[in-house]
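> Now for the letters of each chain:
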Amino acid sequence: MNNELNLYFDNAATSWPKPEAVYAAAEKQMRQAFGNPGRSGHTHTLEADRLVYQSRENLSRLFNINDPARVVFALNATDALNIALKGILKKGDHVLYTAMEHNSVLRPLGRLRREGLITASMIPCNAEGYPDLEYLERAYRTETTLLVINQASNVTGTIAPLDQMINSAHKRNVNVLVDAAQTAGTIPIDVKKEGIDMLAFTGHKSLFGPTGTGGLFVRPGLNLAPLREGGTGSQSETDVHPESMPERLEAGTLNSAGLAGLLEGVSFILNTGVEAIRDYESKLRKYLYASLQELEGVTLHGPPSSDQCAAVLSFTLDGADCGEVGYILESTYGVICRTGLHCAPLAHQATGTFPQGTIRLSPGYFTSKNDIDYLVSAVKEIAALAGN
Amino acid sequence: MTASCYITFPTTFFAIRAESILKEKGSSFKMVPVPRSISSSCGTALMCACDDLSTIGKNLLENGLEIEGFYELEESGLKKPVAKELSIDDLESI
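Just so you know, the protein sequences line up as chains L and U, in that order. Using the numbering used here, you'd call the opening residue of the first sequence number 1303 and step up by one each time. Using the numbering used here, you'd call the opening residue of the second sequence number 351 and step up by one each time.
Cβ-Cβ distance ranges computed for the label pairs, FRET-style:
1. U/Gly376 with L/Thr1421: 52 to 60 Å
2. U/Glu416 with L/Arg1409: 33 to 41 Å
3. L/Val1542 with U/Glu374: 32 to 40 Å
4. U/Glu374 with L/Gly1654: 50 to 58 Å
5. U/Gly376 with L/Lys1495: 26 to 34 Å
6. L/Asp1541 with U/Glu374: 31 to 39 Å
The calculated DSS-like cross-link candidates involving lysine-lysine, where the alpha carbons are at most 30 Å apart (straight line), are:
7. L/Lys1494 with U/Lys408
8. L/Lys1330 with U/Lys375
9. U/Lys434 with U/Lys373
10. L/Lys1494 with U/Lys373
11. L/Lys1392 with L/Lys1473
12. U/Lys375 with U/Lys434
13. U/Lys373 with L/Lys1330
14. L/Lys1473 with L/Lys1495
15. L/Lys1671 with L/Lys1585
16. L/Lys1494 with L/Lys1473
17. L/Lys1588 with L/Lys1495
18. L/Lys1494 with L/Lys1393
19. U/Lys408 with U/Lys373
20. L/Lys1585 with L/Lys1494
21. L/Lys1588 with L/Lys1671
22. L/Lys1682 with L/Lys1671
23. L/Lys1330 with U/Lys380
24. U/Lys375 with L/Lys1494
Treat the hints as calculated values from the structure; they're not laboratory data. Computed from a predicted model, the values in this text were never measured in an experiment. Don't be surprised by glycine CBs; every beta carbon is placed ideally from N, CA and C.
Okay, chain L solo, but in the shape it has when bound (with noise of 0.2 Å):
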């Protein structure tokens, strides 16, 4: 890899590099505040009980959360959504999504239909990803209980119109889950102006932290049955589970490592800004589209406007393999890149990009325009070769 270059092309799959703190940190609590939070009561333990408390506190400030209760902590966003689905959706429920929604929705969401447990109906999107508004407004039904909202897509990084969908959903008392693995950290969110009933995230992505950390945030009120049950450290002589917020959905050790790295994450973004960093990206997506667009032989997927999108474009070239691209981009310039389909079928059908896939790229806040450059200029040889 050229050193002076950030080659790596993959952020809306996993961020990289973090903040030098998040490494920092995620060693520093392994190796001294080490103890098991919530368990036992010496130093060690408390050490490690703060860090996973200012890690509520810190996300509780960047999505405007008034009771850092209110946020639990998951695996990552798959099982934030897994433990809201799970937990709010109750025999005989209607759900609405959009296709534009991951396998992280569209596959928990097919085994309680599956089952019998639920009905579901799909909000079909245009070519550039965007929501059929109007047919949202025919697709509610008497049992509708929830609507989920993927907030950017994975595949194009359209955005998706959360006020106005949020407000269809409550005009009709239905509750709204919001998926943000693309949109936490790099747009700014607010769950109180936005009136978002669930929030679900990961760490890993544009928050910085580590794998294997990510949370939901549930408002006050919104009860959810528990996805998994078991030792809290609390009320350890009885057989129910504690009721309170957070533990009510959380069990086991929590990832204390992880968390303390992105407790540091978030801290990243607080001290620089989510509009600051919303605003490079989007520069950069203007960039990068405006860059690829000049080849001959590019077909970009999406919306054209960086506005509406978060820092994800997709393209194929004519003649050639998305895979293959992916290979050449990677071992002949060393530029890192997803291919294929993105685990949202939907998606690619509604952008006409299925099954064959797309070439994704999502460069991130430490990706320069000189990257780019390099980028462009990879993919502008690679299209010559593919005869364009």
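With the hints as your guide, set chain U onto chain L.
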């Protein structure tokens, strides 16, 4: 004869939240393992001087914290400590 006062919590979350709130206010206290003579849902308790219990307790309740119990523990010679549970109303009279 010395006496210490303790506040116990239903879960660790509230114990650490209590610590965080009180640190900001500059209160004098310590987070300690719950003494054996006190029964608590959570293994960590807050220990403070009994003179400060009323102020600290009210402070936490005003911040919406869930508290399990208030205790005074006397130590005398080789005898085991005796826990005396204090109700929230008792805080007014301390």
